[in-house]
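Novice: The chain contents come next:
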Amino acid sequence: MNGLLFLIPVALLLGLTGLVAFLWSLRAGQFDDPDGAAMRILIEDDDSPAS
Amino acid sequence: MSYHDASEAWTGTPVETRFAVPDMHCAGCIAKIERLLPAQPGIEGARVNFSSKTVTVAHAPALEEPDIIRAFDAIGFEAQSLQGAASQARSAALKRLIRALAVAGFAAMNVMLLSVSVWSGADGNARHLFHWISALIAIPAVAYAGRPFFESAFRALRAGTTNMDVPISIGVTLATGMSFYETIVGGEHAWFDGALMLLAFLLAGRVLDEMMRGRAASGAEALVRRTAPGAMRLDAAGGSQWVSADALAVGDRLLVAAGERLAADGIIEQGSSRFDLSLLTGESAPVVAGPGDTATAGTLNLEAPVTLRVTAVGEARTIAEIARLMEGAAQSRSHYVRIADRASRLYAPVVHLLAGLSFAGWMIAGAGWHQSLLVAIAVLIITCPCALGLAVPVAQVVVCGTMMRAGLLVKDGSALERLAQADEALLDKTGTLTLGRPVPDGLETLGEAERGIVRALAMASRHPLAIALRQALGGADVGPATLTDVVEKPGEGVEARYGDHLVAMRRPRPGELPADGDGRAAVALDLLGEAPHIIRFTDALRPDAADALAQLAALGLPARIMSGDREDAVKAVSDRLGIPGEGDMRPADKMALLEARIAAGHRPLMVGDGLNDGPALAAAHVSMAPASASDVGQQAADIVFLGDRLGGIPVAVRAARATMRVVRENFALAVGYNVLAVPLAMAGKVTPLIAAVAMSTSSLIVIANSLRLRWKVK
Numbered sequence: 001m002n003g004l005l006f007l008i009p010v011a012l013l014l015g016l017t018g019l020v021a022f023l024w025s026l027r028a029g030q031f032d033d034p035d036g037a038a039m040r041i042l043i044e045d046d047d048s049p050a051s
Numbered sequence: 001m002s003y004h005d006a007s008e009a010w011t012g013t014p015v016e017t018r019f020a021v022p023d024m025h026c027a028g029c030i031a032k033i034e035r036l037l038p039a040q041p042g043i044e045g046a047r048v049n050f051s052s053k054t055v056t057v058a059h060a061p062a063l064e065e066p067d068i069i070r071a072f073d074a075i076g077f078e079a080q081s082l083q084g085a086a087s088q089a090r091s092a093a094l095k096r097l098i099r100a101l102a103v104a105g106f107a108a109m110n111v112m113l114l115s116v117s118v119w120s121g122a123d124g125n126a127r128h129l130f131h132w133i134s135a136l137i138a139i140p141a142v143a144y145a146g147r148p149f150f151e152s153a154f155r156a157l158r159a160g161t162t163n164m165d166v167p168i169s170i171g172v173t174l175a176t177g178m179s180f181y182e183t184i185v186g187g188e189h190a191w192f193d194g195a196l197m198l199l200a201f202l203l204a205g206r207v208l209d210e211m212m213r214g215r216a217a218s219g220a221e222a223l224v225r226r227t228a229p230g231a232m233r234l235d236a237a238g239g240s241q242w243v244s245a246d247a248l249a250v251g252d253r254l255l256v257a258a259g260e261r262l263a264a265d266g267i268i269e270q271g272s273s274r275f276d277l278s279l280l281t282g283e284s285a286p287v288v289a290g291p292g293d294t295a296t297a298g299t300l301n302l303e304a305p306v307t308l309r310v311t312a313v314g315e316a317r318t319i320a321e322i323a324r325l326m327e328g329a330a331q332s333r334s335h336y337v338r339i340a341d342r343a344s345r346l347y348a349p350v351v352h353l354l355a356g357l358s359f360a361g362w363m364i365a366g367a368g369w370h371q372s373l374l375v376a377i378a379v380l381i382i383t384c385p386c387a388l389g390l391a392v393p394v395a396q397v398v399v400c401g402t403m404m405r406a407g408l409l410v411k412d413g414s415a416l417e418r419l420a421q422a423d424e425a426l427l428d429k430t431g432t433l434t435l436g437r438p439v440p441d442g443l444e445t446l447g448e449a450e451r452g453i454v455r456a457l458a459m460a461s462r463h464p465l466a467i468a469l470r471q472a473l474g475g476a477d478v479g480p481a482t483l484t485d486v487v488e489k490p491g492e493g494v495e496a497r498y499g500d501h502l503v504a505m506r507r508p509r510p511g512e513l514p515a516d517g518d519g520r521a522a523v524a525l526d527l528l529g530e531a532p533h534i535i536r537f538t539d540a541l542r543p544d545a546a547d548a549l550a551q552l553a554a555l556g557l558p559a560r561i562m563s564g565d566r567e568d569a570v571k572a573v574s575d576r577l578g579i580p581g582e583g584d585m586r587p588a589d590k591m592a593l594l595e596a597r598i599a600a601g602h603r604p605l606m607v608g609d610g611l612n613d614g615p616a617l618a619a620a621h622v623s624m625a626p627a628s629a630s631d632v633g634q635q636a637a638d639i640v641f642l643g644d645r646l647g648g649i650p651v652a653v654r655a656a657r658a659t660m661r662v663v664r665e666n667f668a669l670a671v672g673y674n675v676l677a678v679p680l681a682m683a684g685k686v687t688p689l690i691a692a693v694a695m696s697t698s699s700l701i702v703i704a705n706s707l708r709l710r711w712k713v714k
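So the sequences go chain by chain: A and B. Counting from 1, one number per residue, gives the positions in the first sequence under full-length UniProt numbering. Counting from 1, one number per residue, gives the positions in the second sequence under full-length UniProt numbering.
The set of hints was computed from the structure by calculation and includes no laboratory data. All of these numbers come straight from a predicted model, not from anything done at the bench. Treat the hints with care, since some could be wrong.
To be verified - Each pair of labels, with its calculated beta carbon distance range:
(1) A:TRP24 to B:GLY177: 48 to 54 Å
(2) A:ALA37 to B:ARG342: 52 to 58 Å
(3) A:LEU5 to B:VAL337: 33 to 39 Å
(4) A:TRP24 to B:HIS370: 22 to 28 Å
(5) B:VAL250 to A:ARG27: 52 to 58 Å
(6) B:GLY356 to A:LEU26: 51 to 57 Å
(7) B:ALA600 to A:ALA37: 48 to 54 Å
We put the beta carbon where it would ideally sit given N, CA and C, even for glycine.
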């Protein structure tokens, strides 16, 4: 029972972190172009990206 | 304004325009576009969206779409403007739904964790604690994630009707309230997990559905953009002054320079020129007009300045008439009821009835209100429409993903339902069956050096025929020759010096064209030899037109041509393709023919591109347009296909039919599940565990069934 008192808040906190991270990445537009993101990793960036 | 002026004169915030670039296929293309495009004059930045094969270009406001398309051309990509076609831009409503889904999913997972502990034997104090924690998570989560349903149900009830959201809202609210009561009194079962899972699955369906809904088409708005904002008005003293289109009046005299769009309908008084009427009639070859001829707003003066006496302004213009036709036609189609809505109309009364019956039955049997209410809630939850709510959108989103990769943008989910029902195809000629741009004939008779000169000459001009020549020679491995003293004479052509030779690309003089002149556009090339080369241009058929029509016929959609072009031009194409065709049709004629076909019980698929097709596209049961179409065509069409191939049409028809098969299977699965589960619930045998398992299983089966489409549609 004492374990639970400690573990349940930890579990909830971890879940909440995931939720906040998802909402943040949604706001930041990270889900707008999933295929492009997979491609961009192959681009050799010798200069900073345009705009 | 040319873009050279724009880049120098302009300081301010850039505007953004989206383009479809179907040829992008690797990381190299992304890098090339994003690095090289901003180096073009007037362009500030470019951002590729590879998933939707689009590029968002930030550019100077003075830069127009053709200028940007030329900039794409210069770096080796073919781009098409995407005004109003399937927008991947996520609407505010979609973002709200995704946030609600995230909250519901998070809460459902955590509450499920606690519920599993209860089901697997947590008892006494532990169960009490778990229920309280569940309530703490679930109540705010339901309040937040349930809002889309509560609001919609409230609206429906206030309007005196019901919809699918009413039983959902009642079920969720009752389940949450009852669970809270159980928690307070320390009861055995709580339904928080059921309520949250219901919300999560339903929101997933809503999110998918929202992704499918295209932006509302506003054809009239796109039309207005096509006319000029104003014109140069001549006054009695012979001076001229720029006035806006609103200020023009019938009887005004306007000076229309070469390269300018007309702001009003009128009669030409002085001068003669060629006009690009493609926007209005679909006719791709420019038409010569002289004194006494009428010219229409929205057309482009190609060659020489003319004086025009205005005969119609504002709403009286031909172009405004087309806009009115389109709006009327679009309204008649909005009566189509989506298959999901038809299902939910049946669903809501049945569910309420069953829940009510269970409650009444158990009361009569003497079970007491607490027990009876629990059973009624169990019925509401177990009949949860989540499998039903997912049945349509999951299938549509899976198909639209595959279609997107095949170059087909679907603007609206109901388009797939309507396309599956289509039983005949009506096609426009110019720009649809044909490429809608001139392609030069007989370039292969030129020698290598001569081709180099032609390419260099063509690069010096922005005339449509010069661009066509440049594109035709661009693929060949002949570099442009070095020319000196290049002069472009508007309306005449380009002259230059190549070594000792005087070379020119010019308008053919009278007598140079063969006597059988069938009105095709031509240029004369003075090259190394004595006699000029005459290059004729034709509007070539799309490469796979015949094959695509054969496939359509095999699918049960016989095709016919419906064109605004001249009768003989239509006949040439219809003979080659072996399908019937009709020419000389005005926009209203096309629309009338479509309405007659619909009245006769047919469900026509209309494929067209031009402004003149707009009303017909809106009136048809379902419509498609190439991405090269005018804004209006794209706005009015349900599906836009990218690239030069017509093969997308039969692919879309097959995909739509496969989708509808899967949707019907999904409905059968969802209903079948209810037939099994509802009697159990009404008998009072359903514990939260069984409800949760049954509900997720039915939803997952529907999703899995829909995913099969990914492999079926090719």
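Novice: Now look at each hint and say whether the structure bears it out.
Specialist: Status of each hint after checking the structure:
1. A:TRP24 to B:GLY177: 48 to 54 Å: 33 Å, violated
2. A:ALA37 to B:ARG342: 52 to 58 Å: Roughly 39 Å apart at Cβ, these two residues miss the hinted range, so it is violated.
3. A:LEU5 to B:VAL337: 33 to 39 Å: 54 Å, violated
4. A:TRP24 to B:HIS370: 22 to 28 Å: Distance hint for TRP24 (chain A), HIS370 (chain B) is violated at roughly 44 Å.
5. B:VAL250 to A:ARG27: 52 to 58 Å: 53 Å, holds
6. B:GLY356 to A:LEU26: 51 to 57 Å: Given about 40 Å between the Cβ atoms, the range is violated.
7. B:ALA600 to A:ALA37: 48 to 54 Å: Check passed, 50 Å falls within 48 to 54 Å.
The structure fails hints 1, 2, 3, 4 and 6 (numbered hints given earlier, in ascending order).
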